[in-house]
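Please build the complex by placing chain B on the supplied structure of chain A, with the hints as guidance.
There are 2 protein chains.
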Amino acid sequence: MINKEFLARAEELKPVLIEEEITIAGSDRVLEDGDEIVFDFGNHYVGYLSIDFGTQGNHPDAPLMFAVQFAEIGEELDQDLDAYHGWISRSWIQREIIHADDLPCTVKLERRYAFRYVKIRILSTSSNYSVIVKQLKACTVSSADESSLKAVKMSEEDAKLDKAAVRTLHSCMQDVFEDGPKRDRRLWLGDLRLQALANYETFRRNDLVARCLYLFAGTTLEKGRLANNLFVRPEVECDYQTMFDYTLFFIDTLRDYYRETQDRKTLEDLEPVCMKQYELLSECFDENDLIDVKKAGNIFIDWNFTLDKQASGQAVWLYAMNDLVFIEKELGHNTLSIEADIGRKKKAALSLFDERKGLFVSGESRQVSWMSQVWMILAKAVDAEKGREILEILEKESDAVGMNSPYAYHHYIQALIDCGEKEKAYAKMHDYWGGMLENGSDTFWELYNPEDPSASPYGGIAVHSFCHAWSCTPAYFLRKYYY
Amino acid sequence: MINKEFLARAEELKPVLIEEEITIAGSDRVLEDGDEIVFDFGNHYVGYLSIDFGTQGNHPDAPLMFAVQFAEIGEELDQDLDAYHGWISRSWIQREIIHADDLPCTVKLERRYAFRYVKIRILSTSSNYSVIVKQLKACTVSSADESSLKAVKMSEEDAKLDKAAVRTLHSCMQDVFEDGPKRDRRLWLGDLRLQALANYETFRRNDLVARCLYLFAGTTLEKGRLANNLFVRPEVECDYQTMFDYTLFFIDTLRDYYRETQDRKTLEDLEPVCMKQYELLSECFDENDLIDVKKAGNIFIDWNFTLDKQASGQAVWLYAMNDLVFIEKELGHNTLSIEADIGRKKKAALSLFDERKGLFVSGESRQVSWMSQVWMILAKAVDAEKGREILEILEKESDAVGMNSPYAYHHYIQALIDCGEKEKAYAKMHDYWGGMLENGSDTFWELYNPEDPSASPYGGIAVHSFCHAWSCTPAYFLRKYYY
Numbered sequence: 095m096i097n098k099e100f101l102a103r104a105e106e107l108k109p110v111l112i113e114e115e116i117t118i119a120g121s122d123r124v125l126e127d128g129d130e131i132v133f134d135f136g137n138h139y140v141g142y143l144s145i146d147f148g149t150q151g152n153h154p155d156a157p158l159m160f161a162v163q164f165a166e167i168g169e170e171l172d173q174d175l176d177a178y179h180g181w182i183s184r185s186w187i188q189r190e191i192i193h194a195d196d197l198p199c200t201v202k203l204e205r206r207y208a209f210r211y212v213k214i215r216i217l218s219t220s221s222n223y224s225v226i227v228k229q230l231k232a233c234t235v236s237s238a239d240e241s242s243l244k245a246v247k248m249s250e251e252d253a254k255l256d257k258a259a260v261r262t263l264h265s266c267m268q269d270v271f272e273d274g275p276k277r278d279r280r281l282w283l284g285d286l287r288l289q290a291l292a293n294y295e296t297f298r299r300n301d302l303v304a305r306c307l308y309l310f311a312g313t314t315l316e317k318g319r320l321a322n323n324l325f326v327r328p329e330v331e332c333d334y335q336t337m338f339d340y341t342l343f344f345i346d347t348l349r350d351y352y353r354e355t356q357d358r359k360t361l362e363d364l365e366p367v368c369m370k371q372y373e374l375l376s377e378c379f380d381e382n383d384l385i386d387v388k389k390a391g392n393i394f395i396d397w398n399f400t401l402d403k404q405a406s407g408q409a410v411w412l413y414a415m416n417d418l419v420f421i422e423k424e425l426g427h428n429t430l431s432i433e434a435d436i437g438r439k440k441k442a443a444l445s446l447f448d449e450r451k452g453l454f455v456s457g458e459s460r461q462v463s464w465m466s467q468v469w470m471i472l473a474k475a476v477d478a479e480k481g482r483e484i485l486e487i488l489e490k491e492s493d494a495v496g497m498n499s500p501y502a503y504h505h506y507i508q509a510l511i512d513c514g515e516k517e518k519a520y521a522k523m524h525d526y527w528g529g530m531l532e533n534g535s536d537t538f539w540e541l542y543n544p545e546d547p548s549a550s551p552y553g554g555i556a557v558h559s560f561c562h563a564w565s566c567t568p569a570y571f572l573r574k575y576y577y
Numbered sequence: 095m096i097n098k099e100f101l102a103r104a105e106e107l108k109p110v111l112i113e114e115e116i117t118i119a120g121s122d123r124v125l126e127d128g129d130e131i132v133f134d135f136g137n138h139y140v141g142y143l144s145i146d147f148g149t150q151g152n153h154p155d156a157p158l159m160f161a162v163q164f165a166e167i168g169e170e171l172d173q174d175l176d177a178y179h180g181w182i183s184r185s186w187i188q189r190e191i192i193h194a195d196d197l198p199c200t201v202k203l204e205r206r207y208a209f210r211y212v213k214i215r216i217l218s219t220s221s222n223y224s225v226i227v228k229q230l231k232a233c234t235v236s237s238a239d240e241s242s243l244k245a246v247k248m249s250e251e252d253a254k255l256d257k258a259a260v261r262t263l264h265s266c267m268q269d270v271f272e273d274g275p276k277r278d279r280r281l282w283l284g285d286l287r288l289q290a291l292a293n294y295e296t297f298r299r300n301d302l303v304a305r306c307l308y309l310f311a312g313t314t315l316e317k318g319r320l321a322n323n324l325f326v327r328p329e330v331e332c333d334y335q336t337m338f339d340y341t342l343f344f345i346d347t348l349r350d351y352y353r354e355t356q357d358r359k360t361l362e363d364l365e366p367v368c369m370k371q372y373e374l375l376s377e378c379f380d381e382n383d384l385i386d387v388k389k390a391g392n393i394f395i396d397w398n399f400t401l402d403k404q405a406s407g408q409a410v411w412l413y414a415m416n417d418l419v420f421i422e423k424e425l426g427h428n429t430l431s432i433e434a435d436i437g438r439k440k441k442a443a444l445s446l447f448d449e450r451k452g453l454f455v456s457g458e459s460r461q462v463s464w465m466s467q468v469w470m471i472l473a474k475a476v477d478a479e480k481g482r483e484i485l486e487i488l489e490k491e492s493d494a495v496g497m498n499s500p501y502a503y504h505h506y507i508q509a510l511i512d513c514g515e516k517e518k519a520y521a522k523m524h525d526y527w528g529g530m531l532e533n534g535s536d537t538f539w540e541l542y543n544p545e546d547p548s549a550s551p552y553g554g555i556a557v558h559s560f561c562h563a564w565s566c567t568p569a570y571f572l573r574k575y576y577y
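First to last, the protein sequences are chains A and B. Heads up: the first sequence begins at 95 in my numbering, then just goes up one per residue. Heads up: the second sequence begins at 95 in my numbering, then just goes up one per residue.
Okay, chain A solo, but in the shape it has when bound (with noise of 0.2 angstroms):
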């Protein structure tokens, strides 16, 4: 379904790019046919890239046929592109083959690519002449302003943290707030909600946030459903896909883009999105008020497909709820049958502690993992107090299904604070996104396993995002809750 007044808000709330020029001296290197290069900006970008070639030797008499790869970490440079063949298309690998007719010329290239080091090969020239890569010039392109961010002094190993989280926010805010701007270049609505987060305490581009969720209100499945991701070019059309959770943090976005900014238009013109949610998930539960994971169809919580996402999702249910009755009360709403019903599926997810474990138990298989509880104390399905409790109690359980992604342990991370646990959150923070530092990269990654940094379920790191939005929230946690 189109809202066409949704969809024209949004159009008056894109922004225009902010364009930097980045010009980096090329070698003196004299290639010839298979030789290869590799050029380094010194930290990411997103941008359009142009090459000035030189030549050496005779008047060139053939074309340069060459091909470049751009990479947003060094590891990227040492894959065997050809060999990569895992389920992700891999169109997405960054690299093309270029024939340049007319040497010496400026080989501009058209498509957009996220890096930090670009890699040139040479594949052909002729007998009568070499190359020489006179010079690299980036047009990086962005709609946060870096005069806008908010300056804040901190220790030295806090700083890189923030200084990777806000640069991982940069390259993904273009003219929506994108999940990576190497894959998918598409906004979500899960990373949207961090990305909103992070933004807040630094960039405070509000109006991005709101023109995404104009797009999102603006185009929606059959009923009003709202899609977990949509695309924006060549026209904005959402996917056909839904994830549960992902249809309701639409919620939670909504009402902290209204804390943050007060702005009533908006929150007014969306309640409605919001009520049509509630109304259109209110079938996903079964007659004891729990959540039934066939009728709610996917559920993300994680990159993790052995989870099981019964608990975690009536939990992210309740925890969206919470929101909607503020945003209503705020509206001036009754709210009285939104509490019920929060009453009634709280007393259901408390159906799920295991009182001999201490824990929450998830599915048939009542399943220990920790997104389950990390959820319900994000939902205050139980105070802080037991939540800190079952926290303690879940270090201990080496059977419980762990956090794959970067996405869980924001959660992970945020449930710490909420139980009071600043100190834990603080070292757990610094022990997973600082271990991606050390691996080089100037940005946070969409996946990141500590004890194996180059693991990867696409069947190759060639098309992994390192840059990747819903990674950028130790920018939040240190200037929210450590500054």
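One should not assume that every hint holds.
Identical copies go unnamed one by one, so any copy, or any two together, can satisfy a pair.
As the list claims (entries may be wrong) - DSS-like, lysine-lysine: derived pairs with alpha carbons at most 30 angstroms apart: (1) 202 / 228; (2) 516 / 257; (3) 213 / 202; (4) 108 / 202; (5) 441 / 423; (6) 244 / 257; (7) 490 / 451.
The set of hints was computed from the structure by calculation and includes no laboratory data. Computed from a prediction, not measured in an experiment: that's the story for all the values here.
What follows is chain B alone, placed relative to chain A:
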């Protein structure tokens, strides 16, 4: 050396290319990774392509990565392009690998191609979508104006030959007379001379001939020596290489141009350039007035490294000097000294005639070749009757070094005509050029060996030019001598 006035004149004469839009329908076939589809434009074109892609399935969630190959003849499509590692740069192979980020879309390729066929191979989509090629649009370019082409009523067989010859010339006529629009896309003196001849009988784009003469005169090597070819992009610059015969053809080409146009200004401007070549090449002869092939440097004559070029080189000099005498006389200059020089060198040429064999021989090995006889006839070292006799003897001389290129065949046909053997010339022309048409080509080729049409001196036909200027002269022969 640069002559700015000449280059300025060449720039004034630069044609505005005539553009024509050719649209062909795509296909309903739904293409997935690995699928290939070939489109046929039905004739040989030079120009720019855009491809309309549609999609099937869900909204594309990953870029489309596809390969596109352009082919002048069908056989090119069957080549293993990656297997080509010959000495001609593989950057000439007309292919690209392209990523399209936002689908559906029109992909507009930036480079110019020479083609009849376009093969598209889908390299990567995603599990969410497939593609359809909806339409291909070519913006074709040429400086040849079809509406100015002289209509001549011919027999069906002749019309076929003429059509392909005219198409070859048409595709090679760009902002200069190119040798081949696929490869090398460059102005060569040897090709220019033959293109000009065909042009006078067809498109009569005589300003383009003048432009090319001014370009050669405007950018010369040391002491004003003409290069054998020149580049016009990114700036006009002559190549560093010379050829004894190509240098001399400047004189012949100017003389032909003047005969066609009576453009006295150009004749006056460029006569000193002719005299300069005469002067510079006088150093290439020994004390017996015979060409010293070491001093003469590169002499082309044919694509043949075993051919001894003493006799044919001597003959080309004589051939061009007849033109120089004409030019000098036309401008009222004294030609006594040149004519005396011609007399001496003609005598030397005749010393290469082996009375026992009844043929000209060349070099220390006293090599007998077709080219030596042909050029001595064209140079009028012998009269028509003697020429006829020589060509008859030659046919029985099975050890004689033969002809490798359409360029060499052109001179053989001309020699036959010059000797009054018009019927034989006609039959030989049909045999040779007709063979290329039997191979399904719309144009005539750079190289053609009737015994083995797929043979390549380059190590693969992937880099062959199947529309090559020096092969366009059947249009000249038919229109000048037979209609």
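Honestly, which of those hints from before does the structure not fit? Checked against the structure, no hint fails, so every one of them is satisfied.
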